[in-house]
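Novice: Chains A and B, in that order, give the protein sequences. In case it helps, my numbering puts the first sequence at residues 1 to 150. In case it helps, my numbering puts the second sequence at residues 151 to 609.
Derived from the structure by calculation, the hints contain no laboratory data. Every residue, glycine too, gets a C-beta built ideally from N, C-alpha and C. Keep in mind that a hint or two might mislead.
Coverage of chain A stretches by chain B, computed from C-beta distances (three or more under 8 Å per stretch; other residues unrestricted) [as the list claims (entries may be wrong)]:
(1) 79-93
(2) 131-145
Pairwise CB distance ranges (calculated) [as the list claims (entries may be wrong)]:
(3) B/L314 / A/T34: 24 to 34 Å
(4) B/E315 / A/P71: 36 to 46 Å
(5) B/M547 / A/E123: 21 to 31 Å
(6) A/D47 / B/G535: 47 to 57 Å
(7) B/P247 / A/N137: 53 to 63 Å
Examples of chain B residues lying across from chain A (beta carbon under 7 Å, computed) [stated by the list, open to error]:
(8) T273
(9) T344
(10) E393
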Amino acid sequence: MQRRLVMPVAVAMVAGAVAVVLGGCAVQASTPVTDLKARDRLLAVLDEAQRVVGGEWTIMDDPTPRECIIPLWISGERYPALRVGDPPASVAVAADLMERTWSDAGMRVTRTDIGDVIEVKGESDEGELVILRVSENASTLLGESECRPR
Amino acid sequence: MLFDATAVLIASLTVATVAGPAVAPLSVPAPPISILTTPAHERDIDLPTSTQQGSIASAPATPLSASSIATITGTSLLHALTAMPPTAVSEFVESNPQRLHELLAAPPGAPQVSGWWAGLDATAKRSMLSAMPELIGNLDGVPVTERNDANRDVLRSTIRELELEGTMTGRTLATQNLQRLQMLYSIADALGPTTANPPRSLLQLDTHEAGKVAIVLGDLDTADYVSYLMPGMFITVGGNVVEWTDTAARLYDEQVSWLSLLADAGATDEVETVATVAWIGYQTPHLLNVGSLDLAYEGRDAIASAIDGLQTIRGTDQPFISLLAHSYGSTAALLALEQSTSIDALAMIGSPGAPATSVDDLNVRGDVFVGEAAWDPIPNSSFFGSDPGAVEFGARMMSVAGTVDVITNRVLAASTGHNEYWSPGTESMRNLALVGINKGELVTDGSQRDAGRTLALLL
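Work the whole structure out from these sequences, hints included.
Specialist: If you want it as structure tokens, here you go:
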């Protein structure tokens, strides 16, 4: 009896592992929010980032959701964002502020110097992604919200 | 027994994974509001004016009889239809749907279509759009705006027709119609809301059988760079049009970002614009027919016509045109580029090859790139002749292995297997975006030379 139970479980685990590897699925923690709430949360993060960096921004957010898959094979969607703004008063100060703000919010933050461009990337445990790039010439914000069921 | 079952399960999962997300909704969702609230195209039917008639050099002076029309094809048929009273055109279309399908299967060249269309006045154009939206919407050489209007009109009316059919009969729709309706809802989803940014145009729409579709993100009339995404095996309209359009949207964002970044770095004087095309313009193969080139020839002709149409409508203001082709789609692309179709850049990922043996056989003005992911069994197979990744083919290698982006120092993810080349954040996606905006010098190849590909080179 025990053997009969263990084998199907083992098969399912092997099949699941193979599928996850082949599919490239990143297993994310699930949250109870809806897709629209997840979008609003992303936009709030970006709005705050705009305020931190300062200056005038052009909002190019596409309201069209993008398809995504929540393990295991639940169809979901996430919302993108793209914003282009003025250069900050101080590139280094803007990057410092952003790095601290997103770290305080619990995101994994990486900061990279790229010539005269500084990139600060924040990723949440739920799969939310936000990227700030600042230089003497411009600022840009990119992001995609958490993948949630429709 | 258990081993066999496990093997079958794993094989099934592998196929499902390669094919992309399974889309098997239990019920037909409601159509998105945007497609239904978009104002319907004006359906006024007016006779062409005498001025318009005179402007068409080869148009018949008098309407032809039904029997005469039965023998003519191509541009002559277009001219004959234009000369007919609108009501007669509608009747002809209704009683001879096969003639329109034949015309679309072997359409006149885009320059001929463009000349014919340009010769019509506004009233005649409205009349043709009203009587034959399915034809006008799919004729390469007709301007994007009119095609978009016509195709959206067809999409709306076909959805309404199928929904009414279900309502009026009081029964559930036949399985075939249900699948067709589901496919149309997917296209409507892929078009997004009317506020989609960038705007999306329905450049091509075939609602029959497995369907065909092309959705443009951006402005095809003015974009400096146009990238066509050419799909391979398993990509279907019903199952993948949303995913394919999402990919085009991500590519668009990447290209806008890179153009902005490079412009900011002083590489160009002003930020240029892009358009990406989620193109599923041919019947892609499945497991049972992927061994044949038949569908690749269909894809060859379809993409050739699409590019011909773009080049025709852009006239003297030609954009930089790239083909980003995946899997079997790269075979179709290679076949097209061996003939008269010419483009500026080609990127092939997961390619099973084609009869072409060298980049010298291809009408590509710029570079040809090849990407081959780990654990992808298709590249190097030379299944259809050559191996585009072989040194003797002469293409440039495009790294998809994942690395630290030497330009931004971002850690780029690797693509693994046959279906991850388009994943966001991958080196593959970044390189594909760069190919499409003529920044081939920044495309990484996995060699030591990558360390030198920095923004400083562009200053």
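Novice: Hint by hint, note whether the structure agrees.
Specialist: To see whether the hints hold, each was checked on the structure:
Counting residues of the stretch 79-93 of chain A whose CB lies closer than 8 Å to any CB of chain B gives 3, so the stated coverage by that chain holds, three being the minimum. Counting residues of the stretch 131-145 of chain A whose C-beta sits closer than 8 Å to any C-beta of chain B gives 7, which meets the bar of three, so the coverage hint holds. In this structure the supplied range 24 to 34 Å holds for B/L314 paired with A/T34, their Cβ-Cβ distance being about 32 Å. About 38 Å separates the C-beta atoms of B/E315 and A/P71, a value consistent with the hinted range of 36 to 46 Å.
Checked against the hint of 21 to 31 Å, the pair B/M547 and A/E123 passes, with Cβ atoms roughly 30 Å apart. Here the CB-CB span from A/D47 to B/G535 is close to 54 Å, well matched to the stated 47 to 57 Å. Separated by about 56 Å at the C-beta atoms, B/P247 and A/N137 satisfy the suggested range of 53 to 63 Å. At a threshold of 7 Å, the smallest CB-CB gap from B/T273 to chain A is about 35 Å, leaving the interface hint violated.
Given hint, B/T344 at the interface with chain A, is violated; its Cβ is 10 Å from that chain's nearest Cβ, farther than 7 Å. Annotation: interface hint on B/E393 holds; nearest CB of chain A at approximately 5 Å, less than 7 Å.
Violated hints for the displayed structure, listed by number in ascending order: 8 and 9.
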